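Undergrad: Adding 32 to a residue's 1-based position in the sequence shown gives its number in this note's numbering.
Mixed in with the good hints, there may be bad ones.
Pair by pair, the computed Cβ-Cβ distance ranges are [to be verified]: (1) P54 <-> W125: 17 to 27 Å; (2) A55 <-> R116: 24 to 34 Å; (3) A61 <-> W94: 14 to 24 Å.
Calculated from the structure, these hints are not laboratory results. Just so you know, these numbers come straight off a predicted model, no measurement behind them. Note that beta-carbon positions come from the ideal geometry of N, C-alpha and C, so glycine has one too.
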Amino acid sequence: MSGAHPPELSEWQVVHVHPHAPAKPAHGAPCNGCGMCCLLEPCPLGMLLSRRRRGACSAVRWDEGQGRYLCGALSAPAEVLGARWLAPLARRWIAAGIGCDARFSIAPDAQEVTPARSPPPG
33 MSGAHPPELS
43 EWQVVHVHPH
53 APAKPAHGAP
63 CNGCGMCCLL
73 EPCPLGMLLS
83 RRRRGACSAV
93 RWDEGQGRYL
103 CGALSAPAEV
113 LGARWLAPLA
123 RRWIAAGIGC
133 DARFSIAPDA
143 QEVTPARSPP
153 PG
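With the hints as extra help, turn the sequences into a complete structure.
TA: Right under this line is the structure:
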C-alpha cells in the first residue's frame, strides 16, 4: 500500500510453523499447504471446530509424508467432524481448491505475520 503507515506492534502476531512447511504462496495462487492461514486464524468452519476466532485452528494437521499442512476436516473427517460423510461439505465450506485467500504478508527477517502492509523498518 502506497503511503501506508507500518503496522503497530499490537498488529503483529507470532505464528509457529513446521520448519519444513512450504513458503506461503501469493494471494490467489494454488494452495501449497503452507498452513499460514490456518495457523494464524481459523476459517469460518475452523471457528466452529476450534471455538475461537484467533490463533491456530484446532483442525489443521501437519502431514509428514506430504510435507505440508492439511485441513483435518478433509484429511481426518471422522476424527475432526465426527462423520466421514461430512468431508464433501467441509471441502465446499473451506473453499478447497480455490487458491490462497490469505491477504497477509510475512516479514522475511523476523518471520512474523503482518497485515497486508510493509513490516516496520529495522
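Undergrad: Work down the list of hints and note, for each, if the structure agrees.
TA: Each hint tested on the structure:
Checked against the given bound of 17 to 27 Å, the beta carbons of P54 and W125, roughly 24 Å apart, stay inside it. Taking the beta carbon of each, A55 and R116 are about 32 Å apart, inside 24 to 34 Å as hinted. For the pair A61 and W94, the beta carbons lie near 21 Å from each other, so the given range of 14 to 24 Å is met.
In terms of the numbered hints stated before, the structure departs from none.
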